[in-house]
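Taking the hints into account, I'd like the entire structure generated from these sequences.
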Amino acid sequence: MEREQEIISLQNRISLLEEEIERKDELIATAKQLANDNESSKNVGDALHKKIAILEEQLENSETDLRLSKEKIRDMDIKIENLERTVSLMEKERGDQENKFEELFEKYNKLKQEYEETLKAFEEL
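Quick note on the working numbering: the sequence shown kicks off at 1 and runs consecutively.
Hints should not be assumed to be uniformly reliable.
[Claimed, not checked] With a Cα cut of at most 25 Å, we get these calculated DMTMM-like pairs of lysine to aspartate or glutamate: (1) Lys50 to Glu63; (2) Lys70 to Glu56; (3) Lys50 to Glu39; (4) Lys32 to Glu18; (5) Lys112 to Glu124; (6) Lys79 to Glu93; (7) Lys70 to Glu81; (8) Lys107 to Glu93; (9) Lys92 to Glu102; (10) Lys51 to Asp65.
In short, the hints are calculated from the structure, not lab data.
Here it is as structure tokens:
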């Protein structure tokens, strides 16, 4: 009888230990799942940090390009203004030269007419 009680006691103990093993296995599985989830989250977080860093670098490059483009546009605007002034001055000079040419052409025609009249007067003499 003592042996039977000992066997029953041991069987109960085995049964309790098996239940405890199952609980521990479940805890281990849960811990492994959490570790995997944490690792996945870490990998996703790392990937997102890298993506953010890349995007920030692209933003900085774009801002630099934009600043350079604005400077070039400002320089081009200044050059355009200078060229417009130069064109305006040249058009004014051209107008002045055309007026001077017309005046000289009129003088030439008058002198030519006077010359022809003088020549005609000499021939009549």
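Now the hints, each set against the structure:
Distance restraint check for Lys50 and Glu63: the Cα-Cα separation of roughly 20 Å lies within the 25 Å cut-off, and the hinted pair is therefore satisfied. Using a Cα cut-off of 25 Å, the hinted pair Lys70 and Glu56 holds, with the two alpha carbons roughly 21 Å apart. Under the criterion of a C-alpha separation no larger than 25 Å, the hint pairing Lys50 with Glu39 is consistent with the structure, at around 16 Å. Annotation: proposed proximity of Lys32 to Glu18 holds, straight-line Cα distance about 20 Å (limit 25 Å).
A distance of roughly 18 Å separates the Cα atoms of Lys112 and Glu124; the hinted pair therefore holds under the 25 Å criterion. For the hint pairing Lys79 with Glu93, the CA-to-CA distance comes to about 21 Å; that is within 25 Å, so the pair holds. For a cut-off of 25 Å, the pair hint linking Lys70 to Glu81 stands: about 16 Å separates their Cα positions. In summary, the hint linking Lys107 to Glu93 is supported, as the alpha carbons are separated by about 21 Å, within the 25 Å threshold.
Proposed proximity of Lys92 and Glu102 is supported: the alpha carbons are some 15 Å apart, at most 25 Å. Straight-line distance between C-alpha atoms of Lys51 and Asp65 comes to about 21 Å, which keeps the hinted pair within the 25 Å bound.
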